[in-house]
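S.K.: Residues per chain, in single letters:
Number of protein chains: 2
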Amino acid sequence: MPVISEVTIRRTRREDVGVIVAMLADDPLGGARERIEDPLPRSYFTAFEQLARDPNILLVVAEDGEGAVVGCLQLCILPGLSSQGASRGLIEDVRVASHCRSRGIGEQMVQWAVERLGFARSHVGMTLRF
Amino acid sequence: MPVISEVTIRRTRREDVGVIVAMLADDPLGGARERIEDPLPRSYFTAFEQLARDPNILLVVAEDGEGAVVGCLQLCILPGLSSQGASRGLIEDVRVASHCRSRGIGEQMVQWAVERLGFARSHVGMTLRF
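Those sequence lines, one after another, are chains B and L. Going from the first sequence to this note's numbering is simple: count from 1 and add 38. Going from the second sequence to this note's numbering is simple: count from 1 and add 38.
Hint data in this document are derived by calculation from the structure and do not stem from the laboratory. All residues carry an ideal CB built from backbone N, CA and C; glycine is no exception. One thing to keep in mind: the hints can contain errors.
So, partial list: chain B residues that the calculated Cβ filter (under 7 Å) puts toward chain L [as the list claims (entries may be wrong)]:
| # | residue |
| --- | --- |
| 1 | ALA60 |
| 2 | LEU67 |
| 3 | GLY69 |
| 4 | ALA70 |
| 5 | SER81 |
| 6 | TYR82 |
| 7 | THR84 |
| 8 | LEU89 |
| 9 | ARG91 |
| 10 | GLY118 |
| 11 | SER121 |
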């Protein structure tokens, strides 16, 4: 049985951007489209500021017991007319640091996002389809 | 060869909501989840007001030569950290009135959305993958 690592999910801060970008770059697709430089390209921080201002987007990280960032997830709420005007939830950019994979961290982050959506008050309630 | 109907794409107005909801309801999935009543449930108008206020969402309709609404499409811009902080475009809720299908109207709307994304200025440019 793999070891399950309990993580804490919290809102992303500006100083987490570097760790998140490193995780985004750490797979074959991301390796080709990110730019890991020191300092990081300004475009990442411009995007972070845009995300932080957007009331429909929540970018979070997962912290391990020592406070190290080991995962990230972006939750988007999309208003729309269909389903009687219900908003939809969209989960994007889920990543777990390569040395922490297969310990249930991604599952905890997605579970957190699903519960967050479930608790969001809506005029018609939220429907989750799997 | 089917007849191609040229349409005009314009931003949705409050008085279009009823026609859009009728199109959303006009397929097996939508028929089960929309509520066509007179007057329409208030939740549709609440959602419309939310869409109209959101700078990252553009809900448009396609008008035929007589000014009748024959299609709809929702374009969402999603900021994010990946791809060097590039925003993503998301196309949702594309519908064409049942009596106007197979005339290239959906294609014109999607083409409009793709061009709109292409013209959006970005610090890294936009990438479209098909």
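S.K.: Taking the hints in turn, state whether each one holds.
M.R.: Verification of the hints:
| no. | hint | in the structure |
| --- | --- | --- |
| 1 | ALA60 | violated, 11 Å |
| 2 | LEU67 | violated, 9 Å |
| 3 | GLY69 | violated, 12 Å |
| 4 | ALA70 | violated, 10 Å |
| 5 | SER81 | holds, 4 Å |
| 6 | TYR82 | holds, 5 Å |
| 7 | THR84 | holds, 6 Å |
| 8 | LEU89 | holds, 5 Å |
| 9 | ARG91 | violated, 9 Å |
| 10 | GLY118 | holds, 6 Å |
| 11 | SER121 | holds, 5 Å |
When held up to the earlier numbered hints, the structure conflicts with 1, 2, 3, 4 and 9 and fits the remainder.
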